[in-house]
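Number of protein chains: 2
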Amino acid sequence: MMSVRSFLLTILLPASVYAQNGSLVQYVKPIIGTAKMGHTFPGATVPFGAVQLSPDTDTIPYAVDGKYNGDVYKYCAGYQYNDPTIVGFSHTHFSGTGHSDLGDFLIMPTTGELQMNPGTADRPQDGYRSAFSHDNEIAEPNYYKVKLNDHNILAELTTSTRVGFHQYTFPKSSQSHIILDLMAGIYNYEDKNVWTVVRVVNDTLVTGYRQTNGWARTRTAYFAMSFSKPFKEYGTQNNDKPQVYKGFWRKFDQNKNFPDIAGRNLRMHFDFNTEADEQIKIKFALSPVSMQNAVANMREEIPDWNFERVKEEGQNAWEKELQKIAINVPTKEDRINFYTAMYHAALMPTVYMDTNGEYKGLDQEIHKSAGFTNYTSFSLWDTFRAFHPYLNLINPKRNADMVASMMAHYDQSVLHMLPVWSHYANDNWCMSGYHSVSVVADAIIKGIYKGDAMAALNACVQTANARNYEGIGEYIDKGYISAEESGTSVSNTLEYAYDDWCIAQLAKKLGQTAIYQDFIKRSDNWRNVYDKSIGFMRPRLNDGSFKKDFDVLKTDGQGFIEGNTWNFSLYVPHNPEGMMENMGGKKRLSRYLDSLFTMHLPDEFFAHTEDITREGIIGNYVHGNEPSHHVAYLYNITGEPWKTQEKVRMILKHQYHNGADGLGGNDDCGQMSAWYIFSSLGFYPVAPASDEYWLGSPAVNEAKISVGNGKEFVIKAVNQSEKNVFVKKVLLNGKEVKNNRIKHADLIGGGELVFYMSAKKKI
Amino acid sequence: MMSVRSFLLTILLPASVYAQNGSLVQYVKPIIGTAKMGHTFPGATVPFGAVQLSPDTDTIPYAVDGKYNGDVYKYCAGYQYNDPTIVGFSHTHFSGTGHSDLGDFLIMPTTGELQMNPGTADRPQDGYRSAFSHDNEIAEPNYYKVKLNDHNILAELTTSTRVGFHQYTFPKSSQSHIILDLMAGIYNYEDKNVWTVVRVVNDTLVTGYRQTNGWARTRTAYFAMSFSKPFKEYGTQNNDKPQVYKGFWRKFDQNKNFPDIAGRNLRMHFDFNTEADEQIKIKFALSPVSMQNAVANMREEIPDWNFERVKEEGQNAWEKELQKIAINVPTKEDRINFYTAMYHAALMPTVYMDTNGEYKGLDQEIHKSAGFTNYTSFSLWDTFRAFHPYLNLINPKRNADMVASMMAHYDQSVLHMLPVWSHYANDNWCMSGYHSVSVVADAIIKGIYKGDAMAALNACVQTANARNYEGIGEYIDKGYISAEESGTSVSNTLEYAYDDWCIAQLAKKLGQTAIYQDFIKRSDNWRNVYDKSIGFMRPRLNDGSFKKDFDVLKTDGQGFIEGNTWNFSLYVPHNPEGMMENMGGKKRLSRYLDSLFTMHLPDEFFAHTEDITREGIIGNYVHGNEPSHHVAYLYNITGEPWKTQEKVRMILKHQYHNGADGLGGNDDCGQMSAWYIFSSLGFYPVAPASDEYWLGSPAVNEAKISVGNGKEFVIKAVNQSEKNVFVKKVLLNGKEVKNNRIKHADLIGGGELVFYMSAKKKI
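So the sequences go chain by chain: A and F.
Under my numbering, the residue at position 683 of the first sequence is numbered 683, and the numbers go up by one with no gaps.
Under my numbering, the residue at position 48 of the second sequence is numbered 48, and the numbers go up by one with no gaps.
Calculated directly from the structure, the hints in this document are not laboratory data.
A hint or two may mislead.
For chains that are exact copies, the list does not tell them apart, and a pair is met inside one copy or across any two.
Result set (DSSO-like, lysine-lysine): computed pairs, CA atoms no more than 30 Å apart in a straight line [claimed, not checked]: (1) Lys-729 x Lys-147; (2) Lys-67 x Lys-241; (3) Lys-735 x Lys-723; (4) Lys-147 x Lys-548; (5) Lys-548 x Lys-251; (6) Lys-521 x Lys-587; (7) Lys-332 x Lys-728; (8) Lys-738 x Lys-728; (9) Lys-509 x Lys-761; (10) Lys-251 x Lys-554; (11) Lys-320 x Lys-554; (12) Lys-743 x Lys-324; (13) Lys-251 x Lys-762; (14) Lys-532 x Lys-762; (15) Lys-241 x Lys-735; (16) Lys-586 x Lys-761.
Okay, chain A solo, but in the shape it has when bound (with noise of 0.2 Å):
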């Protein structure tokens, strides 16, 4: 499937023993995933880091001439392989989104005559960008390094939590410069630039903030840069449309060396006398409330120049987060893939809020935490399914921390609903379902979140009983959402029935009996958008009838979400059984998996839909989007799971490689990674907010997760390689496991599950 490979990162040998200790980074390659549609960025970041500074290959505006310019997609992390020019450095990035924002604080050194725009990735001489070459480039975890040809300047980047971390080594010059854009932005809708303040401190040191209404409403950053040498001069390019009244600013020359600066778009410029090979260094930090914040922040994470330590710090960071999950692999390209994906599960959500606990809530209000670190950026839609699940096995403290944040976000919220798809204090209402109450529920029945249960339950009924939003008003009344009401009132109803069990399963916990009354009845509403006479699920009309014009096939208008009906008929996570029956049993659910993942499909099927790619796709199953990634896992009701063991060997064999374009669709704030890593796992969490896994076919030779309290949950697939990929016996701590299920509760007690594996499915 993935004929283009621009380039191989991977030397093909065995590497079938764990990993020396300390030495896990090694096998991360930011670069896999920022080709094509991965969506991610190479820079640096830490874990989960507020930073993540990045090199952006383009700065294009998300409209042309009043219309959506579909180049802009390409940007989402501001960063696409093929590109041959660099812009700049910029210091907040989404990992592997499918609608954008952030890019704030495009930093570019340059050298020479002084060069205010971007230029363009064809004529780079005409702006302030530069070529560059794959060759001189390194991408590590928390380190970046890249030769900027055009300036001969060598860039390098690294990062704190909340400090990115520039250092470049000029050519000798009189002119050398550091460009701050604070124009730039990634998905530059227009009027996207609301407010920009600077402020220049003193010589090395500038603060302000950005404020922008772009895919987050009403959004501002605020920074604090500070550089190790004192600039010479500075300026400021200022591209407001003029104002009839000018004001008394006029008595200053605010263009050059001027302090206190204000406007919309804004670039500015500082400018040094380099020696040959000097190094000029800058500490950028952000925070979510003031600039003052900011500078605590960086006097706080980074209280000297020393670029290299600040690098290893990141670096050890990251080593301690991937030594979580030690494996033993067949070859070393698994091992990168395996890592690279932890490594992509471990960027989102982010930090957001200051070393002092200060954060910017959903309110617009400054609140200080109360004993959790604030995270923004919840993806929900993407990472409900395997992503949050994954950090309870092994981030619990983060997941419950994100868990609080969702809460805090609860309590802020003027509607009275948890987060839908929420980043810097704004909710953005992208995609469908209010999952949250998955991510809320899995937690507290897995014993994650310790807060307050109760005030959670209520929150994830609130949300689920907001009649206002896109059709839970009649989708409460009707048990259905009709197709005169919504686009794509079909997947709505799925993954409101869905979040319902959530709730359902939270309240049965909680001895709710009511609540678990009420959303027990409702997580049955999936069976009113099946239409037998088809054997799918279908739009439905106010007055009860089915729409009559319907394409199984087609993705948009037929009232799905980034999908077909071919795909979401099985969206029954928490009721597959059930699902199954309804299609007329196990044979019939068999022979419509075979035909998913092997029909022959035009292109032109999925040529409308963003979110969905040539490459992620198996037939007409989706894999480089979200709402398939159960379905390999169904075939174990089928009573066939050697079927899901050879599906899933496949998808994790096809989907994901070591190339820049090695995963086949957005990364999705690390869903498309926790996916890869469950499966390798040999498990997965199809319903979170139940406690089972389904099991699959483990691709590791052998694994041991660190699952808490010092206790290891280990993983042995004894024959497993590439051709051995069916399950002959499982064994959890010595005892056989019959239904290809396990508990949470066996896993984080510690333990041992042995797959045995052959080359001959069973039968």
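We have chain A; now place chain F onto it with these hints.
Okay, now just chain F, sitting in the frame of chain A:
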């Protein structure tokens, strides 16, 4: 001079006894100055209150088709007496300025079909505005009442320091509305509205903020709005340009009953059913810091819905303020003029701090006040002259806090400058000079400001050495500003020279000899722009020669700000004797002054200067603008104090009266009024930062000034009358005053100043 008196507020009866205790508020007519160019507002406020809740009769754009809209000048305070309609009631207004801003949060109650646009003055029925009549209008301190004819609604307004309190009496209607116009504002520049957030917390509480880029470049006003009765519905009109990406916000109907609102150009409506004569009350609290602080301000200041009590408390505060000076005057008109002047001299600067002590600093950070009340809106070019000296006399604690506020501004200034014209955490640098040094020096020299005097001196010196600011560098280097450097080079040089003298006086007081020497030398720089050959101050070129083309009458393009050289040549308040000597001695100055007050000028000489109006002119003397405010007193040094006495009385009589058009020019944040108060009492601070007042001719029969610590300074004008304007003799505590000057120390100890008045000049 006052040919147009649009109405008669005054009954011209003798009122030659002290008013009764507790009854001074009745003599304040806030309507004075609301016609023509007084630029005062008639609405409700408490002394120096953060809220000025007042009707706006139009809210017109600053520019039309890219050109300045001259009409906007009329609306500096939002209200023009001769306008037929009221658009609504907004919460922030400057008093008497010549440029403007504010007008935040315009509220209008309406009935009938919902109208979301303001409409026009000639067709009010097309919008939410309403016709009104002065017959149905009452304006008192902290109380404003008007009938809104188009809606049959009685509107009443009162305030506490930080909360506006609206009381609307509706007719019976199922279509009663409260409009909250978040686009409306005073001096509406294009794109002035930067961002607005509104949160409908519940059916009686709304919070939010409004961020503007107007005269204050970066300004945010936060609010909390509470209704006495739940609204039944609400909605938003969003007038923003539609974006290509509409986002998932479309999941909600954002126009109706949607509580999470943000955008650039928003209007809101809240809908009610009302019975006949049903009152809907609104408390509207402001904060410079946050919505939650606004809520706290509201709860602290007005915990209930008792409109009458709040009105009474505010009027009691005014009574207390007014009682600081008791007067016995010949007529009720005099009394109204006097107490209205005291009223106008207690409106600005305004409290800019929450009840918890937090405020937004010039550095855009949140600060907590260290033991002082933070004030904002310092129109220092105006107010350093008589207004701040006036506060030093009767409101020393407030003036000390104002100096503390200016010092906080300095500490937060990235330019390391004291305020020039500052408002709402910004400096707009309007007008010329660095006159905060006069206020600071005056307050320290008079023992008012008890803070760190050395830090204050340092702030003054730093400000005076801000080389990049309006010619200061050249001024320091050459002793004058060249015509090439600045269009107001002469007035700047003159004003800097006076300011430098203030710094010298402060340095002397603090024993800082080197600083004293430096600045006393600089204070002589006025000599460098005096052209002896023509006997006027005159622009000088870079090469030292005087500018060739020069018109001594014209106000524009001649090197002066808002004045001609006839007026400005007298601006050496710190060394009038030196000035007189330079001009050729007493006789020459006397003739000069005589000419000034009597010469005939065609109208067009002042037509180009916004802040100078026909009404404010006596001959070529311009009382309506500030640079000449000390001029009438200069006859004291020509040996003709009787001319000072005559001129002062003439100005008192002709430049101030009880009509809506009763001010001869902008009140300028209390400066015009402070001139009236001082001059009525018989003395004036010709050179603040000296401890001297110059004597004139008291228009009171008697006055008692509370000068603190229970002490009174009593002024008696024996035989004073409209004819007996000449001073025969003056006794200070029984001792004759021979030089027509008294000292501040003489006043604040308490005592008695007796003027013996006569109809005959004492030559």
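Hints and how they fare:
| no. | hint | result |
| --- | --- | --- |
| 1 | Lys-729 x Lys-147 | neither (53 Å within a copy, 88 Å between copies) |
| 2 | Lys-67 x Lys-241 | both (22 Å within a copy, 14 Å between copies) |
| 3 | Lys-735 x Lys-723 | within (26 Å within a copy, 118 Å between copies) |
| 4 | Lys-147 x Lys-548 | neither (59 Å within a copy, 60 Å between copies) |
| 5 | Lys-548 x Lys-251 | between (70 Å within a copy, 25 Å between copies) |
| 6 | Lys-521 x Lys-587 | within (28 Å within a copy, 103 Å between copies) |
| 7 | Lys-332 x Lys-728 | within (26 Å within a copy, 108 Å between copies) |
| 8 | Lys-738 x Lys-728 | within (11 Å within a copy, 119 Å between copies) |
| 9 | Lys-509 x Lys-761 | neither (39 Å within a copy, 100 Å between copies) |
| 10 | Lys-251 x Lys-554 | between (63 Å within a copy, 23 Å between copies) |
| 11 | Lys-320 x Lys-554 | neither (45 Å within a copy, 78 Å between copies) |
| 12 | Lys-743 x Lys-324 | within (20 Å within a copy, 81 Å between copies) |
| 13 | Lys-251 x Lys-762 | neither (84 Å within a copy, 48 Å between copies) |
| 14 | Lys-532 x Lys-762 | neither (32 Å within a copy, 114 Å between copies) |
| 15 | Lys-241 x Lys-735 | neither (74 Å within a copy, 66 Å between copies) |
| 16 | Lys-586 x Lys-761 | within (18 Å within a copy, 119 Å between copies) |
Consistency with the previously given hints fails for numbers 1, 4, 9, 11, 13, 14 and 15, ordered from lowest to highest.
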